[in-house]
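Peer 1: Below are the chains, spelled out letter by letter.
There are 4 protein chains.
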Amino acid sequence: MKKRNICVVITARPSYSRVKTALLAIREHPELNLQLVIAASALLDRYGSVVKYIEDDGLEITRKIYTVLEGENLISMAKTTGIGISELATVFDDLKPDVVVTIADRYETISTAIAASYMNIPLAHIQGGEVTGNIDEKVRHAITKLSDLHLVTTPMAAERVIKMGENPVNVYTTGCPSIDLAAEVKANPALDFDPISKYGGVGAEIKIEPGKYLVVMQHPVTTSHEHAQEEINATLDAILELDMPTMLFWPNVDAGSDGTSRAIRIFREKHRDNKLHYFKNMKGTDFLRILSNSLCLIGNSSVGIRECSYLGVPVVNLGNRQNRRDRGPNVLDVDYNKDAIVQAVRHQMQHGPYESDYIYGNGNAGISIAEVLANAPLGIEKVLMY
Amino acid sequence: MKKRNICVVITARPSYSRVKTALLAIREHPELNLQLVIAASALLDRYGSVVKYIEDDGLEITRKIYTVLEGENLISMAKTTGIGISELATVFDDLKPDVVVTIADRYETISTAIAASYMNIPLAHIQGGEVTGNIDEKVRHAITKLSDLHLVTTPMAAERVIKMGENPVNVYTTGCPSIDLAAEVKANPALDFDPISKYGGVGAEIKIEPGKYLVVMQHPVTTSHEHAQEEINATLDAILELDMPTMLFWPNVDAGSDGTSRAIRIFREKHRDNKLHYFKNMKGTDFLRILSNSLCLIGNSSVGIRECSYLGVPVVNLGNRQNRRDRGPNVLDVDYNKDAIVQAVRHQMQHGPYESDYIYGNGNAGISIAEVLANAPLGIEKVLMY
Amino acid sequence: MKKRNICVVITARPSYSRVKTALLAIREHPELNLQLVIAASALLDRYGSVVKYIEDDGLEITRKIYTVLEGENLISMAKTTGIGISELATVFDDLKPDVVVTIADRYETISTAIAASYMNIPLAHIQGGEVTGNIDEKVRHAITKLSDLHLVTTPMAAERVIKMGENPVNVYTTGCPSIDLAAEVKANPALDFDPISKYGGVGAEIKIEPGKYLVVMQHPVTTSHEHAQEEINATLDAILELDMPTMLFWPNVDAGSDGTSRAIRIFREKHRDNKLHYFKNMKGTDFLRILSNSLCLIGNSSVGIRECSYLGVPVVNLGNRQNRRDRGPNVLDVDYNKDAIVQAVRHQMQHGPYESDYIYGNGNAGISIAEVLANAPLGIEKVLMY
Amino acid sequence: MKKRNICVVITARPSYSRVKTALLAIREHPELNLQLVIAASALLDRYGSVVKYIEDDGLEITRKIYTVLEGENLISMAKTTGIGISELATVFDDLKPDVVVTIADRYETISTAIAASYMNIPLAHIQGGEVTGNIDEKVRHAITKLSDLHLVTTPMAAERVIKMGENPVNVYTTGCPSIDLAAEVKANPALDFDPISKYGGVGAEIKIEPGKYLVVMQHPVTTSHEHAQEEINATLDAILELDMPTMLFWPNVDAGSDGTSRAIRIFREKHRDNKLHYFKNMKGTDFLRILSNSLCLIGNSSVGIRECSYLGVPVVNLGNRQNRRDRGPNVLDVDYNKDAIVQAVRHQMQHGPYESDYIYGNGNAGISIAEVLANAPLGIEKVLMY
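Listed in order, the protein sequences are those of chains A, B, C and D. Numbering-wise, full-length UniProt numbering puts 83 at position 83 of the first sequence, and it's gapless, one number per residue. Numbering-wise, full-length UniProt numbering puts 167 at position 167 of the second sequence, and it's gapless, one number per residue. Numbering-wise, full-length UniProt numbering puts 199 at position 199 of the third sequence, and it's gapless, one number per residue. Numbering-wise, full-length UniProt numbering puts 270 at position 270 of the fourth sequence, and it's gapless, one number per residue.
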């Protein structure tokens, strides 16, 4: 029997670690053939290219496509999306996938969804039905309406997808593959490498010891990009006051990332004698290991809500980026305000690690996704269920 | 007080007549400033450019943008969509609209929706929440998820939009502006012009007298474009057998339109001695007047479901293109099958005109839409309501 | 030894017949591997897709790329060129050619030249150094400046390329491959098929007998596209007056082709009872056979200057499109003026066939080109020779 | 009388300072209307946006267009060029210029040339006919073949343009506008500002005193982009050994700039205790003032050949980037080799300032260019002059 060609399109660094175990499971599945397309910021050095990590993981990249129109403003984001559709149409025409898989809610992912659905290729969406609280929510739910298969992470997400009018037979609750990695790390959590000697980065030559450092990961919020600089400054000032060894990760490409990045660069030039070390990106499991051994994660990344709930890592979650996402008890929400951040981090350090919460999956999502892709009936015609 | 800039993007011939009264009402509204963008197939001669009709109606075109990548296959449709996003981003950046308005469900309309929503411009969608039965349904509902204001035509459509998770305060049931034109025509239905001398066209020099001719308007169905030729041939063969004076309108651009158009051209060269005359396109009210005086409309156009229900024109609706659309008693559904078509047309000719049905509006939609655009609170942040 | 990958990009119908023998020779050459890319109007039905002819000739198409932005105006021509660069960059990146070959001077060919030279791939140009008299001359010579290898058709062309500062070691006078086909036809000129039953077309059911018909092939001239309609009308009126069986070929895509095509369509609807039959396109040798047996070719196609000089076919050449091109005695130049055209055609019919002239080659160009591509030293660095 | 609209397109930082006096003269000219379009890397922060400098100079920007596809490889350069054509076609259609002006030879400038010439707008080229020794030479001469007016900087350049077949009546030797700025600076050369406090930058807090520092400006060479890192390292190592206060300027966007930039960043992190300060970009006259007061310029920028010859600044010119450019006695050419660089810089420091050389103009070029643009006959039809 002919194997199904499963074309997964990765457009950003976080999407890769989020689906890595699914990619490995697809590759291993006897009835599936993995076509891996890397596009947009996932290819670019300055946002942390994932190419090296993918190759380290033994996966083969089928196509690399450049789609990011430089400018980091709203126009260039829109045009990047248009370029992405055009380039992906070429790729899909060449690769002839049986299913295209798109992930989550970043703005470029809609390019994948449109190219596939307009070319009559069944579209599977990973992480539909989630709610957050920013522009990405529009994109995520629009992709749901273009998708034929929904591979969702939580029962609540499944319920929302169905409420939006999708046929329940096409909705599969698989859990989130990022939790699969967290499960691996949790089973063996030792910090078995030195982050600075392994990943370089710049800044203070801090000592990174288990249970003795903080982690910062803060993204600009696209609908308020002018405030990106203020928002990151609140965090940076809080870190200065906390005066703990701290690992900071650069944000992704987005309108406003320039604001955030520039603010970090200015801060860095001004404050040379502190305990901050700056990293670009890291292999997924290394990053989880670092979180697992940290005192607290500060920022607005979804990793704080998802993986950290499974790992029990204390999180200080900033602003409204993760607003309405389902979360465990490990998350403390505060505004982009220096004093509030300092206080919350101190609270979390005092509390220490939390119990694990299985809301986002039990560590088996990658295999479940591969099974659905191998066995689900495929089609492109669907109707609103009401 | 500053007027609101309302940028309406028209991408295809039928969309223009469908919103004409709304455009006129926006232009007349003291608090609104109309920015009219004509794009995609709406500009192209061979699909029936609307430019002349718009100018005849006294409306000024603010921008014309070319976005159709020629090829008439699925790849070129996808790439056309990408080009549209890129070109519209430039236009929106120049025109700085307060609201962008997109219409219905054709594949290019998602370009408007993405460019506007990615540039943080409030997006209003006319004709959301309707159900039909083809690929366009994906596009329509995806646009709903990207839109901030929903200007729907029927109470059932409003209900569906709300069920999909939209906030009821942003959903307005205005009726369909195309019914406004139908109301004008119905008030004064005389066929006061000679179609052939006014619009030319090619084919037999038939006599077009009230109550003595048929009308054909059949579009290719995008997810089965290989069958486009067979499907139109069934209709053409039925027309040959019915042997009545018949006005045929060419289809729009779409994957497969080439199939349909080619089939029509082949048929035309083969059958010179029949009673068919071929038209490209027509001013909206002239077209409605022609329908109003016809014995029956044959095809799969939504005009048969909407305007004809108000006008009471008998319709033989083919295939599944209008499958699930709410309809009045004037519609008889049959397959793309010659004999079935012949029989259904004969039935409708025997029955004669139907009673009016107001399901798609009462003739006041244009003014209602302008009022909503002038008064609705504008914003771009929204969340799923569950 | 690794074969050289030779990627030939065909963007229009006439380019194909112009290089067909070179393509066959490349395919047969033991040290070459042919990569054939079909793009732009060469793919489109309404300009006469070459796909069928290529397949009939037993050549395999490596890639088809859609690049024509519909609009047929100057903006859409410019944008088509931009799209072409972007799409060809993808293709070259995939195919990894050792040499890219571009042909002649149509506006889209510069896309090939830019994509190849910007990607550091050696670029060979067929038909550089020729002079004509329209905008294409800018394009042709600009391509010469981007090219690394010059495969020119006449000694005068070679001299011009060298005068422009190119290194003589990179300039090869191969003759024109279109003459190779003419040589085949001349060796065996019988009109061994019935054009109408083989190619269809529309119009009068004329009888096409050797030595008893005219041929018309007229292209719009891009820098005066408003006049396209007037210019073709002069020809059509002349044909009406001459009242001979006439075969007319539709023009290529270009700004203004709409003008020319529309004028032809209007004429056709108006004058049904004449001796004109309209063809889209034809296999190259069939077309040459038709020319070879015709009384006279009327129009502004370069085929009148090139192939017809070898074949000795009388030509009435219109306007300035071929202005400065080297020509044999078979060509009579007149303006776009009905009376002048009628008079010139009568003169040529009276004169009858001319002696062959070998200015554009001796029938061996295809093989010569393949030899150069196999043996020329390849490089991408060049300097002006003065 | 209607003023001529002169649309100047600037695509990179160096182009702006190179034409600044021409822009000012166009703006002041009573018969001209300046339309200033800023595009490509000229808009991007990380290559040194020129927007601030333009605004400081009191010029108004008519349009900003984003065209750079991120990737910094050869494919993305080609695609950037395609995007540029498409975007500029829109701009030219809106602005309706009487003349479009393009500058020099960077890869994106051919976008301007193609969009203008394909839209039948007369094209003027500044700095045609120059010879350098890299890929840019192809681009420069291809633009010459697309251009209608040639505004060249030296008599030798004029001669080369004419030799390439251009009509001498369209070739004007105006001198280079960059020399106009150098003339201003030479008239009043005092270093009247503190570079670090005015421009920030990063690196050692060196003291910048007249006659006591070096300047480095080194661009990657596009046809050998893999070597970019090695090449800049030779320079950086030489600077370390010379151990003088040194001002280094970051390179422009180009394939390989990533290599150069990354090497600089790595060097900077490794060598914190040296006398290097890193600047992004600077107002043109400030930069010339810095050169004027420096001991020596090291690198491969054309500023060393042009402005420095007029200013008499000693230059150590590296590699083949400026290979065949006409130059004065102030230039010492060496390879990308640490020891050779050290030795050459020492030689130049010992020699001290040179006599001025007027090969690139006498300080009046801006006004001359404006006069030509106001008075030259405009047309778009041209032929090869042989």
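Quick caveat, the hints were computed from the structure, so don't treat them as lab data. Treat the hints with care, since some could be wrong.
Same chains, same label: a pair holds when it works inside one copy or across any pair of copies.
[Said to hold, decoys possible] Restricting the straight-line Cα-Cα distance to at most 25 Å, the calculated cross-link-like pairs of lysine-lysine (PhoX-like) are:
| no. | residue 1 | residue 2 |
| --- | --- | --- |
| 1 | K283 | K212 |
| 2 | K198 | K3 |
| 3 | K163 | K96 |
| 4 | K207 | K270 |
| 5 | K270 | K96 |
| 6 | K2 | K280 |
| 7 | K96 | K64 |
| 8 | K64 | K280 |
| 9 | K198 | K52 |
| 10 | K2 | K270 |
| 11 | K163 | K207 |
| 12 | K270 | K280 |
| 13 | K52 | K270 |
| 14 | K163 | K338 |
| 15 | K207 | K186 |
| 16 | K212 | K2 |
Peer 1: The structure should be examined with respect to each hint, and the outcome stated for every one.
Peer 2: Structure-based check of each hint:
| no. | hint | result |
| --- | --- | --- |
| 1 | K283 x K212 | within (21 Å within a copy, 47 Å between copies) |
| 2 | K198 x K3 | neither (39 Å within a copy, 43 Å between copies) |
| 3 | K163 x K96 | neither (32 Å within a copy, 35 Å between copies) |
| 4 | K207 x K270 | both (21 Å within a copy, 19 Å between copies) |
| 5 | K270 x K96 | neither (52 Å within a copy, 38 Å between copies) |
| 6 | K2 x K280 | neither (41 Å within a copy, 41 Å between copies) |
| 7 | K96 x K64 | both (16 Å within a copy, 15 Å between copies) |
| 8 | K64 x K280 | within (20 Å within a copy, 30 Å between copies) |
| 9 | K198 x K52 | within (13 Å within a copy, 40 Å between copies) |
| 10 | K2 x K270 | neither (60 Å within a copy, 44 Å between copies) |
| 11 | K163 x K207 | neither (50 Å within a copy, 54 Å between copies) |
| 12 | K270 x K280 | both (20 Å within a copy, 18 Å between copies) |
| 13 | K52 x K270 | between (32 Å within a copy, 23 Å between copies) |
| 14 | K163 x K338 | neither (40 Å within a copy, 41 Å between copies) |
| 15 | K207 x K186 | within (23 Å within a copy, 54 Å between copies) |
| 16 | K212 x K2 | neither (53 Å within a copy, 57 Å between copies) |
Of the hints listed earlier, those the structure fails to meet are numbers 2, 3, 5, 6, 10, 11, 14, 16, in rising order.
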